[in-house]
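Residue numbers (the numbering used here), protein chains in the order written: chain A, 3 to 339; chain B, 3 to 339; chain C, 3 to 339; chain D, 3 to 339.
In case anyone wonders, no lab produced these hints; they're calculated from the structure. Please note: incorrect hints may appear among the correct ones.
Think about it this way: if two alpha-carbon atoms lie no more than 20 Å apart in a straight line, the pair counts; the simulated EDC-like pairs of lysine to aspartate or glutamate are [said to hold, decoys possible]:
1) D:K280 with C:E14
2) A:K80 with A:E198
3) C:K280 with D:E262
4) D:K280 with C:E307
5) A:K261 with A:E91
6) B:K63 with B:E91
7) C:K320 with D:E20
8) C:K278 with D:D181
9) A:K278 with B:E217
10) B:K24 with B:E14
Please read all numbers here as calculations on a predicted model, not as lab measurements.
There are 4 protein chains.
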Amino acid sequence: MIVVMDSGAGEEEIGEVEKRIKSFGYDVHRSNGVNCTILGAIGYPREDVRDALEVMPSVEKVVLVSHPFMLVSREFKKDKTAFKVGEVEIGGEKIVLMAGPCAVEGRESYLQAAEAVKKGGADILRGGAYKPRTSPYSFQGLEEEGLKIMAEAREMTGLPIITEVLDQHSIEIVVRYADIIQVGTRNMQNFKLLRELGQINKPVLIKRGMSATIEEWLMAAEYLLSSGNYQVILCERGIRTFETYTRYTMDISAIPIVKELSHLPVFVDPSHGTGKWKWVPSMSLAAVAAGADGLLVEVHPSPKEALCDGPQSLVPEKYSQMIGSLRGVAQIIGRTL
Amino acid sequence: MIVVMDSGAGEEEIGEVEKRIKSFGYDVHRSNGVNCTILGAIGYPREDVRDALEVMPSVEKVVLVSHPFMLVSREFKKDKTAFKVGEVEIGGEKIVLMAGPCAVEGRESYLQAAEAVKKGGADILRGGAYKPRTSPYSFQGLEEEGLKIMAEAREMTGLPIITEVLDQHSIEIVVRYADIIQVGTRNMQNFKLLRELGQINKPVLIKRGMSATIEEWLMAAEYLLSSGNYQVILCERGIRTFETYTRYTMDISAIPIVKELSHLPVFVDPSHGTGKWKWVPSMSLAAVAAGADGLLVEVHPSPKEALCDGPQSLVPEKYSQMIGSLRGVAQIIGRTL
Amino acid sequence: MIVVMDSGAGEEEIGEVEKRIKSFGYDVHRSNGVNCTILGAIGYPREDVRDALEVMPSVEKVVLVSHPFMLVSREFKKDKTAFKVGEVEIGGEKIVLMAGPCAVEGRESYLQAAEAVKKGGADILRGGAYKPRTSPYSFQGLEEEGLKIMAEAREMTGLPIITEVLDQHSIEIVVRYADIIQVGTRNMQNFKLLRELGQINKPVLIKRGMSATIEEWLMAAEYLLSSGNYQVILCERGIRTFETYTRYTMDISAIPIVKELSHLPVFVDPSHGTGKWKWVPSMSLAAVAAGADGLLVEVHPSPKEALCDGPQSLVPEKYSQMIGSLRGVAQIIGRTL
Amino acid sequence: MIVVMDSGAGEEEIGEVEKRIKSFGYDVHRSNGVNCTILGAIGYPREDVRDALEVMPSVEKVVLVSHPFMLVSREFKKDKTAFKVGEVEIGGEKIVLMAGPCAVEGRESYLQAAEAVKKGGADILRGGAYKPRTSPYSFQGLEEEGLKIMAEAREMTGLPIITEVLDQHSIEIVVRYADIIQVGTRNMQNFKLLRELGQINKPVLIKRGMSATIEEWLMAAEYLLSSGNYQVILCERGIRTFETYTRYTMDISAIPIVKELSHLPVFVDPSHGTGKWKWVPSMSLAAVAAGADGLLVEVHPSPKEALCDGPQSLVPEKYSQMIGSLRGVAQIIGRTL
């Protein structure tokens, strides 16, 4: 249930309402808006509790939300969530570009890619040190060594870095190096991992499960918020359908829908979604046109030599070209890039 | 197989090659390009036939295409297909807007809608006289009376009209009134209907089947072309997936893919794809950004009174607003609107 | 709405209720059960009409059904529908086997197949004279000649024949020859075709659309019943999913569900569903175990020479072997075969 | 690559071949069959290595498998895998029944359920102590207390127990109590978890991911085998499709396919697959008819009071009734139960 306080309610009154909510066995989350405070009462909605809260003088109204997510919802927080990672604002007016190779494969090649990506126009560097691979016999990432290389690239370029965490054991080490932690599509419902990431103080980008409904995806984010981490980015990356011409089917319509349901920033990964670099520019344009707050793009200076996902990586020149058009579309819809 | 003639080949030489192709039991389709003529040899590809044709002096090369479609392919016709419907060019530089109510429900309301749509900025008027309905008890369309009303609207607005044909029996009457014939998603593999529409001399817009792969969709168009009708528009309208928040999942990535595989113009119907008017502007922008040649949009002056698909219809004001942004995006990617 | 009459209601009283229903603008369908008569009032359910009908002395109760189908529902007709085709009872205790080649490819080969199938243990002969093919360049069937060959096979074996009708133009000719008319997966929502088949007096087997929900499938059958044809067989044949190891994914759970929702017999086509003969026996056993009333199986004496769907055809020996196990399973669940 | 040794090859010769394989940089897994030994050379297949190995006198042949899985394949191990859990043989002639409530909700209720399930005819007790829940606000399981209750139920009934492990941190504790470890659908591609479970010496049942292809599922099992654990059970539990009448669509055809591709036992979970208890008996019969080696069924003495998945739980009486029919079907296909 969502309790909207009167705009004039002071700390004391808010505290009283919080106490009352807890007395019914609910947990309380608080959101301080510009004009009013909103309290999330976590637990099964009950009409008698609503009535009991609504008669309190400092309460404006109590909403029994019809969907199962609460803290990620627009009802709980009207304004878009925005936060800073270094100098970069996520969820603001400017559309944010995260780019780089799929995996960190070696020091030299990664630093070279980082340089190229920076020059091409990225805000944040991406790269995988721990890779989820369908086959146990495929390259699984350089692990901590990869993280160190990424840190060096950050030093060199000044760009913050994002990388994936695969499991609980490596959370500590990944958090030590990375500026943003990525949760992959196969881990979207790894609930224990989410709970632990809800307790770190770095932003988390959570990819949509390849067969997750929009509601399940928002519920996964709810795990993060309800554990205490409000710096969450949602990332659409394609869903599994009968069409196999593309690796996945990008659900571009999820962008306006999620932005309507939730206050969290929504990113799009057109590289994994399509599986081929040549469709990445069109889908990037489509994503920005549809309202995405940012993109996660694979860029690799020599895709043919990539150990992982080469066919879906843009070369830096194509990446730079694409940015010009993206900037134009951003302006049309009242954003910058 | 596709036979590319020498650029200097004259009618006589082309005729000889055609005769030779037929002698092997193939049908021949001809495409006259700016620089050279291309002949499509319809039938199972055979290497010995390729060799026999390639030794002919006026033949430049013979291509054994790896996909099952031929006449719709870029190998058969390199340049984009464009054709005129009245004053409107389909497949040209300008992005074409087809708009109007889902169904023709009455004279007055349709004429009013047509007026509004024209004012809002449409190139072509849409409307359904024969409606495919899941339930036998739902409104099935005004049939010929609906067509007459659409013809009156054309008279009044000067805009060409597009409407759906549901079955073989009504082809003749629909063709008499309409400027473009629409084949719906449920009829995409109604092969007998396609063969007959391949023999009319009006353009056909063929919607993608809701569970058709891109290849099957192009094969359906191949039925039209191989029966003689080259004025074909492909229209993406959403595919059926596990996600039910939207009515269908729009496959925006199909746009760049089909434009790469085929020379035919590609349109998008965001109204049926999403099922809700409020997501139509975002998806229209995304479609144009991804390279669509046109849109098919439901617009209704009073959606709440619509007998069919009201929830997915834009009101004229929203439609006009959307066009402003569409125009901006079109310019960014080198098109007009 | 469904109007259940008192068990003692006579013709006169039933007639009065029918008249009253019609006075509200509804059509009436009648189902004579063993103990009572049920009237289907076709049109949008209205509570005031229900009330007006319920006060009539011969009416036991009026049900506002919550699903959109009515005549096909168990509420309208409690007992399973069963009917005879020649000597064969469809929908009775005995599980019915329809078998034969996918397409009629020639007189000799078809008669040979028919003989083999009969010997193997089939109740009804299948075969395609009009074939829906993805490619316009594939074999499209022998048309009327194929029907004549099938009729000859019927003469020879004494087995009734089932064949597919592809379009409205050929309904008349197909009905002239066939004992059961098949509507294919791509035509499940060819509503005009369904309406016309609702007016013939031969049974219709309607395959589930490859992307049709169970509800849409029942609505397609509703088109047939509401047009007057109550001899309808539903046939599950696999749905389109992300899994491509099989040609389609057989939805075996649809069997118990449809039998719960509807009184119509439910058949299964494991040949098209799996796309490979070697999985046909397992899936046939599964279908019968789950409650199917019959099977539609492709059997071909020399699958390698088949012009159409050879890889999914059983040879007659495998077919006969399978029947032994099927008989055992049938007995376990209280059926015969 | 798979190296088939001569039937007369002794330890020394096998050792030499192993050494040679390793000299090319491959890992070696060994499978001792009745007639011959098979060596799996793990790594990318190379033709030159095949040739080098095939000339060795004790090598019969070297197979370059075309699918990416190897240790789970029939090429690597021809005979069905069977192993014992207590007195129960998994993968043998007898079909194995695992039954019990979805979650352990309390001591008394679980012990009562265990008693009922045993009486009804189960071989193994199921129950969840750690529950993966879409919502962070739902009941998440009793954790270790639940495991203790399950251990008590094992004591009482003499039946081995199976329960799910959700994350790496709880592997140790779950392994301490359980006889079989279950990996849920959402963890099928939690590769780190799989690697760790590959190192325990208890059997692992791995459910198919709800959107996993058959190949991806077998690759997940390959993670377990290649890490050292060969006691693996595959469990089909329904895939996500457009049909939402059932919770998931059970892919019954996966049973014969996986049994053809792999030597591992295949189980089916009809409770999660359908989501409703009333369809469980039909689907259980179908699964056994199609060749399943066992079932995982939810049984709860009072489903209405269940905290988790009550609607899909059978009451013990229905469960017992079902077993009678299952036994009959098992006999028909040459199995026992």
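Inset, instruction - Any hints from earlier that this structure breaks? Give me their numbers in increasing order, please. - result: Checked against the structure, the hints that fail are numbers 1, 2, 4, 6, 7 and 8, while the rest are satisfied.
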